[in-house]
Structure formats: C-alpha cells, structure tokens
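**Student:** Protein sequence lines, in the order shown, are assigned to chains A and B.
Per this note's numbering, the first sequence runs over residues 1 to 535.
Per this note's numbering, the second sequence runs over residues 1001 to 1400.
Treat the hints as calculated values from the structure; they're not laboratory data.
Each hint should be verified, as a subset may be incorrect.
Unchecked claim - Subject to a maximum C-alpha distance of 20 Å in a straight line, what follows is the list of computed DMTMM-like cross-link-like pairs (lysine to aspartate or glutamate):
1) A:Lys328 x B:Glu1273
2) A:Lys58 x A:Asp34
3) B:Lys1188 x A:Glu503
4) A:Lys328 x B:Asp1127
5) A:Lys230 x B:Glu1273
6) A:Lys328 x A:Asp374
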Amino acid sequence: MTHRLAAAAVLVATCLAASLAPRAQATGPVPAADDAAIVHALSRLGFGPRPGDVERVKAIGLAAWIEGQLEPRRLDDRAAAQALAALPTLTMSTAELHREYPRPDLRQKSADPQMAPRELFNRPPPEKRPVRIVAEMQAARMVRAIESERQLEEVMVDFWFNHFNVHAAKGEVKWYLTSYERDVIRPHALGTFGDLLRGTATHPAMLFYLDNWLSTRPNFTVPFGANRGKRAGLNENYARELMELHTLGVDGGYTQTDVTEVARAFTGWTIERPRDDARFVFRPRMHDRGEKTVLGTRLTSGGGQDDGERVLSLLVHHPATARFVATKLVRRFVVDEPPPALVERVAATFRGTDGDVRAMLRTIVAAPEFWAADARGAKIKKPFEYVASAVRAMGGHVDARAGFFLARAAAEMGEGLYGAQPPTGYPDRAEAWVNAGALLARMNFALALTQRRLPGVTLDLSPLAADAAAPDAALDRLLAALLHGEAGAQTRAVLTAQLTNPEIRRQTPDDRGPANTDVAKLAALVIGSPEFQRR
Amino acid sequence: MLTRRALLKGGACALAAVAAPPRFLARAAAAADGRRKVLVAVFQRGAVDGLSMIVPHGDRDYAAARAAIAIRPPRAGDAGAAVDLDGFFGLHPALAPLVPFWQSRALAVVHACGSPDKTRSHFDAQDYMDGWLARAAMTVPAPRSPFRAVALGSTLPRVLRGDAGAISLASLDRFDVRGTAEAAVARKGFESLYEQGVHDLLHGTGRETFEAVRMLKSANASRLAPANGAEYPRSRLGESLRQIAQLIRADVGLEIAFTDADGWDTHVGQGAEQGQLANRLRDFGAALAAFAQDLGDRMTDVVVLTMSEFGRTVAENGNRGTDHGHATAMLLLGGGVRGGTVYGRWPGLARERLYEGRDLAVTTDFRALFAEVAGRHLAIAKPATLFPGWSGGSALGVLS
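Bound-form chain A, shown alone:
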C-alpha cells in the first residue's frame, strides 16, 4: 500500500468515526490526526510517546508514521543497536551458547553429594551461568521497547512470543531461546502467520517446550542417548496446544481424536544434537507411517514429514484460525472485549491475504473501532508495557545494564519476560494485571524511576523542571508531558493539593529545578496514577 492509500485509510477511518458520532457522544467525532490521535497511535502501536514524539509524528504525518512502522527494516535503529552491543549472547548461535554457557556437569555431583543441583548451576561466575542467556534476552527486550525506532515491530515480537510461548526455565529451552526469538519470531513478526507457525513448529525451542521432540510411533525403541534401549511412543502435548492455542482456539471444532491424529502426524519431528547446534530434523524411523484423519481430511499412509506440513497448512487455512488470531490482535490493539464486527473484518483480511500480518494491522488501524473515543485509554498496560512507557515518557535513555533492572521491575509486577510457564503466555486483559500487590509494585517502580534509583537509566528532568519556579505552570507542563491531556479532574486536584506539600515545595534548588517544586516527586505520582496505567 502506498503512503497515499494509507493516508486515505486513516481519513476513511476518521470519516467513519465521525459518522458514528451519535453513538459516541461523550467526546464527539474523532478529529483528523490531532494530537490525541497521535498519542493514541504511539501508545497502541508502540510503547508510548517520548518527549517530542507527538511533534515528530505530526511533522511526517500520522499515516506516514504508521506506514513507516509497518516497514521497520527501513527505519534507522542505531541507538538501540548501540545499547544492545553490550549483550554478547544476542548474536550467538545455539552451538556457541552451549559452548560459552555450558550446562554444569551434573556428574560432578558425585564428587560432593551434598551439593544441590542449584548450587552446581550457581558455581560459575554470574556472567557465565546459563541463566545469563535469559537475562540478556530480557534486558534486550526492555532496551528495544524503550530505545528502538521500530516500535510496532517490538509490540508484535511481544505479541507473537506470547502467542507461541515457550518457557525459558524448562530444560534446554534457555539455550534455544535466543535463536527462537531472533530467527523465527522477529523476522516474521510483521510477515505471515504461516511462516510463524512453520517456524515455531520446527524450532527446537517449541519442539522441546511442548515435548514433540520425544513423540514417536508406538513401540519405538530409542537407539541412542539417555533413554537408549527404552521404548517410546506418542506424546500429544504439542498437538493439543497447536490447535487450542496457536491456531483454531479451544472452540475451534477439533476433537480428542483430532489431537491424537495430529500428534501422530508430527511423530519424528525432533531435534538433532540437542546439546550442540540443535537443529530440526525429521526422523522417518520415529514417524508413525499409518493413515491419519485430521479435521475430516485424510492423510494417506507413508506421508512422512509431509504429514506435519499438511496439518500446518490445514490449520493455517482453517476459518477458525483466522477468527482466533483476529480476536487476539483486536484484543491487543483495541479493547479487551473485541467487537465482533471488527474481528470479522480482520479475520476476512487474514483469509484474503493468507495470514498477512501487515494487512491485518492495516485493517485494524483503518477501523473506526480503533480510533473510537471509548477505545482510547481502554487498555491497561501490561507490566512490560508500563515499565517501557514510563521510561519513555520521562525522556529516559537506557543502556544494557538498565535492561536487567527494568526486566526485574516488570517481573515484580507479575510479568517476568520469558517466564510464563503455561503455553498461553501472558494474558492481555486488565483483570489479570490489576490487583493490589501488582499496583503497589507499579507505584514503587514509579518512585524508583523518578528518584533515579535505577542503574543505567538516564533521566533528564530539566525540560520538565523548566517552570518549577511557578508551581502551577510546572504541574501543567508535567501533566501535558506525561498524560497528554488525559489527566482526570481527581488526579489534577490531588496533584494541585500536593503543590503546597512542604515535601514537594522544597527550599533548596538543585538539578531538579532552579526553584521550589520537586518535579521528580510530582512525576512519581503521575507515573503511578490511574491514568498512566492505561494506554
């Protein structure tokens, strides 16, 4: 789609929204690419505005900015790349990771029977332990969400990782994780659903996480490895989650028989040299050669690797998959309870484009539902989104070290990156994230951030403190910078009352401002406010 067409799409959306105005009386029609619309786009298609972002988007035009986000490879991303250079594991192959961060030799245990496996894992220095691989991945996600110009790509990496979740702490997964995200999720985040599905189905991380690498025809005798000589057989873990969570959805019309048949189709899809370069391999001897029937389609006997390929193809083209993926995309970008009409339009795009992610995103941003007044601020930020958006809003810059601390902060709020054990990944609904302990963790993060207690995060408060001599002006500037006109009356009143608080009205000038309003303390309250939890 050309820029002009994209602009037209936004215009169409705007006009459509205007025509729906009587139903959304409270705030009237959606204004064409006004500041509020830009803030909305930056908050939904990215991790929220940084200082100056609204002006930058206005300068190039909202439609052009969106179009640019859909073509991330063309965006210069030097700042992020520079910060990421301090994380050596990101570019390593699985074989290198196994070599550089070796699994402790559990046989050493016999030398000291008192030593627990955990101690064995903790014996190397921290930067050489296998968990370091996961820690660098977490840090990288944080750094990218904050520093990358390719905001939509980062949003989609997070989205697809959760959709095709693997749990870093399960067995070998941590050595496969780097490649899984770098070589499968990221390259296809704005590509096609079929590529994502095939990529995950054949990646060691997924093969290991959902146990398919061990699934064999009945009475297969394991020829080598730890289980040599033992019998092996069918394991239906991947087959079930493939249909329930990756494609059709739980109500997508499959049966237990389909689960078993799909599992049979994928027997022999396994991992070669799992503790070295860990490559996908199809092993015909492990494969169940018999005939299968999947969702009413017969796979004649002797299909070999093609059985699994055909199942993936059946699933990609199944209408339930289009609907399921569309529902999740609309939930991510629009509202927790997706409007059925929009889901249907996005599903139609899926069907019409063979699962083209860009095309589906275009359908969403062209939808009046996306721009509707009641969709704005309707989503509660997940912890990852909250942390990234807070640092961005404060004009913060981060290095790799900050990434570690910020990831830990998100974990305290309930979202430890790569740490979701169930194959659902992390939920994308308010109820999952709004609760007492997590809310306090958010407030504590707001304090730590604004009081500059987070190593590696650089905050320049001077633009916010420019009017600190006049408390009312300082507050206005702060609310404009952080909440972009979304401050509720209650929040404004509470913060105004704070202006006379002696703790906020400090006497000694310093780098938080030349005069007597502690902008950092006010900012903590704004970042912890109800309004800032929303996007």
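We have chain A already, so just place chain B on it with the hints.
**Tutor:** Same frame as chain A, but now just chain B:
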C-alpha cells in the same frame, strides 16, 4: 466475565440489576463467636495426576496401564511404596507427611472428581472455576475486611476475579509503598489519587490496596514466626502457605485464601516413587503438613481444599509421562473435615469404564464438592448459585 466493577463503569442501570440485597445476613451466626472460618484453596496448576497422588492400588487395571510410572502397592516394610489408606487406595510415598492427618481423620480425599468440561484444555477447565471463590467471599456472612479474600502471587487467579475486592500479594513484607524518605509522602499521594472519582477496576483496586496496607501494618503479620515447630519447605508453595498462616494468626479477617503450585503438567518423565512428580508431591505434602502444624488448634476453623484443572490419562504415554485426562483427586484437610475416608464413587480403570476409552471418568462434579465446602464450612446459604447455570448436586458428606 462481567464483574460488578465492570458494570459500575457501564452505568447505574446495570448496577441496580445486580445489587442483590444481603440475603445471607440471617446466617451470620458463623461469625458470632468472633473467629472466622477460613477456606484455603491450593491449586495444582497444570493438572495433577490423581492416580499417582492417590494410588488406586486395589484396582487390578492400575499397574498394567502404567508400566514405567505406576506406584508400587503398599507392602509391610516397604517405605518406598504407596502408603495404604483403606485397603484400596494409597498415598504416594512422597506425601508421607500427611499420614498423621489421615490417621487423626483431619484429611479426606475425593477421588474421580473433576470438571464437567469436555475439552481437556487447561484454560477452558478453569472457566468452570471462574470467580466462584470471589462470589463465595462476597456472600460469606461476616463483617467485611480488606483481607477477606487473598491470593498469594503476583497476579489475581481467575477463581478470585470479580467484585469481591480480592487482594493479591506476592509477599507480606513487600506489600507497601517502599523506598527512602519519600515513601510516606508518596503513599499519601498515591492513596488520594486512587481514593475517589471513577468507579472502575483500577480505582477500586487502588482503594482496597491502601486499606489493606494500613491494616497489615498495624497487624504486623509478617513478624509472626511459624509456631509449634513447623518447618515449611523453602519453595513458593511453602512461602505462600507460611504467609497465609501469618494472616490467619494475625486476625486480619481472612476468609478465603488462594495459592497455587505449578509443575504438574507431566507429559514427559513423570517418574514413579521417585522423580519429577514425586518431587512436586514432596513439596506439596511438606507444605500442607507444615501449615497444619503451624496453625495447631486454629486448624479447627480452617479447611484446606486442593484442586486442579483435570486429571491425566490412565495409560502412560510414549515418554513415561501422561497426557491430559479427565478426573483427578482432591484433598481436604482441617477442622470439620470427616477425614480418614476416600469419598466419591470409583468408576474403575477397566478400559470400558474409562471416559472416551482413555481417562478416569468423573463421578463427582467438582462443583458439588466446592458447593459443599462453601455451604458447610463458610455457611453460605445457597452455594449452588456460586456456579452460574448449575442447579446443584448431592452432598458427599465430607464436612460435618
């Protein structure tokens, strides 16, 4: 899921439709003695294999279905085998710490118990549990406390989502606005930000949070060391149960507590008397036993109820593990439990008796068990109404 808070946001008309009068006040007798009844729900996330936890060693089809993972039947002098309960069922040997509670009749088992859901989906199965503990918390006839319903963990589980204002927290120690000198000012500031105004999920949660923070501060619950020589395992479950005991002993008004333990989704290498599942059960048994020991006499007011999404296949799969099945076993521990008995009709493990030819059939709908606990233990008048669209089932008699 439509919560009252969601409706509040939707408008006053919607509110009027659900704001039921407090019909249950008549049964407030339970609270009259000043000590509240407490229900502690422990969720075995991932679907526990009930056939390894509570071993049907007397079923002649049991061992044959599980060549590599069946638990050895009880035998005199074999400490590594199942511990016999009643001549037919036995406890997994890793659950040995629970044996004294079985002997003193504080521990009961409900077997072949499960969800009416057909999908064997971890996530669908939980739909049937959605919000029932939250609804129970709202109907308990007792004065309201911010700690009435508490989940240990950093997210609120689905069973407690709803409008009961359940609190979730990962750690009592960290449950406050913390930091340096600025913490006090900030706490006040944050509190006023969430105090009034909009009735939505965020503000509602914020208000409850600060009420709870104040209460917890004055109760000083986190200072209470385990009593009666109880030693909790140093696991997430052990930590959670230790803190739930602290809340009970600090009298902050706890009625419903929830915690979960994961690692039960044993598709590969489940193990038998030793191994992956045994390790999980060892932690589980030790944590429950420590909890009961810690609370001592106070256990007369407490029932611990364990639950899981569903059970696992009767036959082991190709990797000495088990895939998703149907019925499982649930445990009850505490005061008022008519223990020392395995409840529920045993459907048998012969192939023709299995659900769809592969799973232990459900003979007790878990809603019947949950309703019985809510009715008998928490004195909720019409417990079947906790489960929308369900008309109720017959009681097992597991609680007096």
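**Student:** Find the hints from earlier in the document that the structure breaks and name them by number, from lowest to highest.
**Tutor:** 1
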